[in-house]
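Participant: Heads up: the sequence lines are chains Y and Z, in that order. Residues 1 to 100 (my numbering) are what the first sequence spells out, left to right. Residues 101 to 564 (my numbering) are what the second sequence spells out, left to right.
Worth double-checking, as some hints may not be accurate.
[Unchecked claim] Using C-beta positions, here's what the derived DEER-type ranges look like:
| hint | chain 1 | residue 1 | chain 2 | residue 2 | range |
| --- | --- | --- | --- | --- | --- |
| 1 | Y | 73 | Z | 476 | 19 to 25 Å |
| 2 | Y | 56 | Z | 478 | 35 to 41 Å |
| 3 | Z | 437 | Y | 56 | 23 to 29 Å |
[As the list claims (entries may be wrong)] Some, not all, of what chain Y presents toward chain Z, calculated at C-beta under 7 Å:
| hint | residue |
| --- | --- |
| 4 | 18 |
| 5 | 19 |
| 6 | 21 |
| 7 | 50 |
| 8 | 51 |
| 9 | 61 |
| 10 | 64 |
| 11 | 66 |
| 12 | 67 |
| 13 | 71 |
| 14 | 80 |
| 15 | 86 |
| 16 | 87 |
| 17 | 91 |
It should be emphasised that the hints constitute simulated quantities derived from the structure, not laboratory data. Values in this document were obtained by computation on a predicted structure and should not be read as measured data. All C-beta atoms, glycine included, are put in the ideal place defined by N, C-alpha and C.
Residues per chain, in single letters:
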Amino acid sequence: MKLSDLALVIRGKNAGPRRLTLDVMFATDADYQRAVQSPGLAAANVARLYRVAPEAITVIPYPAGRAIKYVLARAIMAGDPGDFDVYGAQQHAPLLEIEL
Amino acid sequence: MSASGRVLADVRAKRRPMRFLGASGQLGYGIPTPAFNLGLSRNPDLIGCDMGSIDIGPTYLGKGEMATSPEATMRDLRKVLHGARSLDVPLVIGSAGSAGAAPHLDATLAMMRDIARQDGLRFRMASIRADMDRAALIAAARAGKITGLDDMPALTEADITQAAHIVGQMGMGSFRAALDADVDVIIAGRACDTSIFAALPAMLGFPVGLCVHMAKIIECASLCCVPGGRDAILATLDDDGFELESMNPTRRATPTSVAAHSLYEQADPFTVHEPDGALNLSGARYEAVDDRRARVSGATWTDTKDPTVKMEGAVKLGERAVLLAGAADPRFIAGVKDILAGLTSLVRELVCEDQPEDYTLRFRVYGVDGVRMVTPEHETPPGEVFIMGECIAPTRERASEVVRTCKQYLLHYGYPGRLATAGNLAFPFTPPEVSLGPAYRFNVYHLLHTPDPDALFPMTVESV
Numbered sequence: 001m002k003l004s005d006l007a008l009v010i011r012g013k014n015a016g017p018r019r020l021t022l023d024v025m026f027a028t029d030a031d032y033q034r035a036v037q038s039p040g041l042a043a044a045n046v047a048r049l050y051r052v053a054p055e056a057i058t059v060i061p062y063p064a065g066r067a068i069k070y071v072l073a074r075a076i077m078a079g080d081p082g083d084f085d086v087y088g089a090q091q092h093a094p095l096l097e098i099e100l
Numbered sequence: 101m102s103a104s105g106r107v108l109a110d111v112r113a114k115r116r117p118m119r120f121l122g123a124s125g126q127l128g129y130g131i132p133t134p135a136f137n138l139g140l141s142r143n144p145d146l147i148g149c150d151m152g153s154i155d156i157g158p159t160y161l162g163k164g165e166m167a168t169s170p171e172a173t174m175r176d177l178r179k180v181l182h183g184a185r186s187l188d189v190p191l192v193i194g195s196a197g198s199a200g201a202a203p204h205l206d207a208t209l210a211m212m213r214d215i216a217r218q219d220g221l222r223f224r225m226a227s228i229r230a231d232m233d234r235a236a237l238i239a240a241a242r243a244g245k246i247t248g249l250d251d252m253p254a255l256t257e258a259d260i261t262q263a264a265h266i267v268g269q270m271g272m273g274s275f276r277a278a279l280d281a282d283v284d285v286i287i288a289g290r291a292c293d294t295s296i297f298a299a300l301p302a303m304l305g306f307p308v309g310l311c312v313h314m315a316k317i318i319e320c321a322s323l324c325c326v327p328g329g330r331d332a333i334l335a336t337l338d339d340d341g342f343e344l345e346s347m348n349p350t351r352r353a354t355p356t357s358v359a360a361h362s363l364y365e366q367a368d369p370f371t372v373h374e375p376d377g378a379l380n381l382s383g384a385r386y387e388a389v390d391d392r393r394a395r396v397s398g399a400t401w402t403d404t405k406d407p408t409v410k411m412e413g414a415v416k417l418g419e420r421a422v423l424l425a426g427a428a429d430p431r432f433i434a435g436v437k438d439i440l441a442g443l444t445s446l447v448r449e450l451v452c453e454d455q456p457e458d459y460t461l462r463f464r465v466y467g468v469d470g471v472r473m474v475t476p477e478h479e480t481p482p483g484e485v486f487i488m489g490e491c492i493a494p495t496r497e498r499a500s501e502v503v504r505t506c507k508q509y510l511l512h513y514g515y516p517g518r519l520a521t522a523g524n525l526a527f528p529f530t531p532p533e534v535s536l537g538p539a540y541r542f543n544v545y546h547l548l549h550t551p552d553p554d555a556l557f558p559m560t561v562e563s564v
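Next up, chain Z with everything else stripped away, as it sits in the complex:
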C-alpha cells in the first residue's frame, strides 16, 4: 500500500487528531532544514508545499518557465521527497513550477523522476493537469458561463485562442481523487493553495471549514507567526479546531498573529471563495495554547450551488528590452520629464524612418515617480535619479534597436541650460541595454461556471 492509502486506512480504522506539515509556501526558494527536520520528528500525516502564485505576474505563465532556479528547486524537492518517503506519508505539491501550466508541471515531474533515479527512490506519483481546453472555453464563453473577476473585461474568443497558456485552479476534489488512487506523491498543476492540505482531512470527515481554514494558514509556512518566516509549520487538527506551531522555536503563533494572517493577500478577511464553496471566518476564534502555539476554531463552510473554477491566462505582447542608467545633474533632473518626451520624439523619427511605429516606449524616473501610484506635489528634487526605459516591440531586434538608440541620444541630449556637454548619464555597466525576452500580460482572469469542476483536471499515476 502506498502512503495515501496507508494514512487513509489508519485514520479510518482509529479516529485521531491529524498532523500536517506546511513545508514551504514557495517551494524553490529554499526550505530551512532545522525546522523541516523538527517537523519530520513530529510525525506528520502529510507534508504539503505550495509552489506557485499569480503574484509573480504573467510572464512565467506565458513563457512556461519557473520563477525559481532549477538548482534551488531540485534541492527543495529532494528535501521534501526524502522527508515524506522516510515517514511513508503523502507529499502534496500544488501549483507546480510557479504557474502550474503543462510546461511547469512537466518540468517539476521531470525533476522528481531525476531525483528518484539519482537517489534510488521508488514511489507512486500522481500528476494532475490544470490546462483548460480551448474549445470547451469558447463554448462556455458563448453560453455565458464565463465571468470576469474584479471587473475584468468579458472574455473574448480571441483571448482564449491567443493566450499562451490558460490554467484553472483545481480544488479539493482533484486532490481527493489522487489521494484515493493510493499514491505517495501528488504533483498538481495550478491549484487552490488550500486544497493541498484540506483535501485529506475533509475526505476523512473532519469539518470542512476547519480543514480549509487550517490549510489557508499553513500553506504559507510560518508566515502567520511573529516574527513571520519561511520555516515549516505544524498544524494538529481535531474535530473542534486546530493548533499551530512553528517548527522554528523563535517564531511564535499568537492569537493576533494568526488572526492577522487572514488579511494577507485577501480582499476580504472574513470570506474565502473556493471552487466548491466558501470559507466563513466571521466566527473564527483564536486562543493561546502557550507562548508560541495558538488554537483556532469556529470557521464554517458553505457548499456552493454554482461551482466555479478561477482561470488565469497570459498572452504574448512582444519582446521587451530595457535601458538602465543614472543621472546626478540637478538641471537634467529638473527637466527630465521634458527631456524624455523630447527623446521619445527624436527616437521615433530615427527608428521609424523606414518602418512603422510598431513598439511602445516608456520611461520611469526612480527617485521621482518610478514606484508610487500617486506622487505628492512639490517634493524636493532628489540628488540623483535612476532612469529605466522600457520598449516592447514585435521582435527582440526591434526592441533592442529602440533602447540602443535611446541610450545614445539621451546620453547626448541637449536641453536648455545644459553644462555637462560630455554626457547626461551614468552607466553602472555597459552594455546598459538589456534584452529581457518575451513580454506577456494576463488576458484571462475569469471564473468558469461549471457543474463539475473536478472533471476539468485529469490525473495520471505513474510508478517512479
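So here's chain Y without its partners, still in its complex pose:
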C-alpha cells in the first residue's frame, strides 16, 4: 500500500529558514501504528528519497497527533539565490510514493 493511500496529511514546510520539516499524519491509531513500524517510513528510506545521509534526518514519532515528523536541513536557506521553494511547502512530494 502506498503511503498516499493511507495518510490523512502528507506535508512539508519550513521550520525556520534553514530547516525543512515533513509531517505525515493518520486518521486512526491503527493506521499510525502500521505506518510508524513500516521500514518505508524509517529514517534510512526517507533519507534515501531525499538523497541525504540517514543521520541528517531527525525522525520524531508524535502519537498524540497520530503523526510522524521528519526534520532535515534545507540545502539552500529560504529566499537565498538559487532557492526554489521559499516556504518549503512542496518538498513533501518524494514521500507520496513510499510503499508501506
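Following the hints, position chain Z against chain Y.
Facilitator: Then chain Z, alone, in the frame of chain Y:
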C-alpha cells in the same frame, strides 16, 4: 482607565477564567467577519493578531515593505480596532507590517492613526520597536554573545553593518510593560507570536506553560481545527487548562487536530524555545469537551538562565529581473539543459563585451526540475515546460539587459535537430521580462545572548 488597565484590575479584583480571541494569524489577508463577530459576542478579554513571519522570505524585511496590500491591511486593522474598542478590551498586534522592522511598524502605526481620524476613534496606543542597535550587536559579536541558529555561519561585523534591517523577536516582558502602561492598543514590531496572547494571563498569575501553549495555538486562528482555516478562535483559560472553540461553527477543534498543530512549522513538537524560557509539551493532554471543542492541559514552563533574542536580518544582493516563457517542442524539451547552458555562455559573451560579469543568471525548467529538491531519474519528459530565467545584477538596468538578451537568443537558439526555426518559446504576454526590484537574502539568523532582553525593545505610548 484604558482597556489594559481595566482588564488587569477586573481580574485582579475577582479571579476568573479569561477569554482570548485569536482574530488572525496573518493580519492583512482578510478576517472573516461572521466568525470575528461571533467572537466579539463571547466577550473576550483580549483580541490578538499576528501580522508577520519569517516564512515570507528576506525581501519584505530588507525592503521595509509589507507583504499584504495596504487596502486589505487597513480593512483588517479597522475591523479588529472597532471590535476591541466596542468591548473596551486590549487589541494586541505582533510583528507589525509583515516583518516588524521600523518601516513596517511605522506604516502600521500610520494606518491606525488614519483609521482613528477617519472613524472618530480615540484610544491610547503603545508601540514597541524591534530594531537592533548595530553598535551593541558588534560589541556582542566580539564578546561571543551571538550564536548562529540551525548551523548559520558566525555573524560578522560586515553582516551587521551591511544588513538593511535587523530585528529581534521581543518576548512577553515587552508586552507586559505595554499592558502595564494602561493602553487600549499595542502595536509591536517583530515579536514572538506567543507573547501577543501569553503576556496578559502570565502577568495575572496563570500558569505560564498554559499561557504560552494556548498562545502558540490561537495565534494561528482556527488552523488547529478540522478543517483548518483562518476564522477567529476563542480560548478560555483557567488555572488548570484551556478550552478552544473556533468561531466558525463548521470548524472543529478535536484532541487530535489540536495536538497535531504542535507540529506545524516546528522542528520539535515537544519543546518551544522562547526568549525567557522553554515550553515543554511532553505532558500535554488533549481532551474532547464536545464535538467541536477541545480542552488542553499539562504544558509546563521552564525559565532559562540564559535569555536569548532571536534575530533576523536581510542584506541587499542587487536588482532582480526575470524572464517568463513556455515551450512545447519535444526536441527543445529533450535538450533544454544543454540549450540553457549554451545560452548562458552566449549571453555572457554579448553582455560582457565591455563590462565585467557582474551578475548571476539561473534558469528553472518547470515540468522538469523547477520545484523539487530531488528529482527522480528517468521521468517521462513533459509535453510542455515553463522556463524562468532569473538575473540578479548590481542595477535594475543591468539585470534587465541580461534577461532581455536571454529572451531574444533563447527564442532563436539553434540546437541539433531543430525543426521550429521561427521561435523556441511561447510568451503568455509581452514583455516577458519583468523587473522585480531589489533582491535580498537573510544574513542574520542568530541568537543574541543577553541578560535583559526586554531592555532591547523600547516602548512609547501615544494618545490617538
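Participant: Please go over all the hints and tell whether each is borne out by the structure.
Facilitator: Taking the hints in turn, this is what the structure says about them:
1. Y/73 - Z/476: 19 to 25 Å: With a Cβ separation near 21 Å, residue 73 of chain Y and residue 476 of chain Z satisfy 19 to 25 Å, so the hint holds.
2. Y/56 - Z/478: 35 to 41 Å: Distance hint for residue 56 of chain Y, residue 478 of chain Z is violated at roughly 25 Å.
3. Z/437 - Y/56: 23 to 29 Å: Roughly 27 Å apart at Cβ, these two residues keep to the hinted range, so it holds.
4. 18: Interface hint status for residue 18 of chain Y: holds (4 Å vs cutoff 7 Å).
5. 19: With Cβ-Cβ at 5 Å, under 7 Å, it holds.
6. 21: Since the shortest Cβ distance to chain Z is 6 Å, the answer is holds.
7. 50: Given a least distance of 6 Å, the restraint on residue 50 of chain Y holds.
8. 51: Nearest chain Z Cβ about 5 Å off; hint holds.
9. 61: Result: violated, 10 Å to nearest chain Z Cβ.
10. 64: Check passed: Cβ of residue 64 of chain Y comes within 4 Å of chain Z, closer than 7 Å.
11. 66: Residue 66 of chain Y check passes; min Cβ-Cβ to chain Z is 6 Å, inside 7 Å.
12. 67: holds, 6 Å
13. 71: holds, 5 Å
14. 80: holds, 5 Å
15. 86: holds, 5 Å
16. 87: OK, holds: residue 87 of chain Y within 7 Å of chain Z, min 6 Å.
17. 91: The hint holds - residue 91 of chain Y has a Cβ within 7 Å of chain Z, the shortest such distance being about 6 Å.
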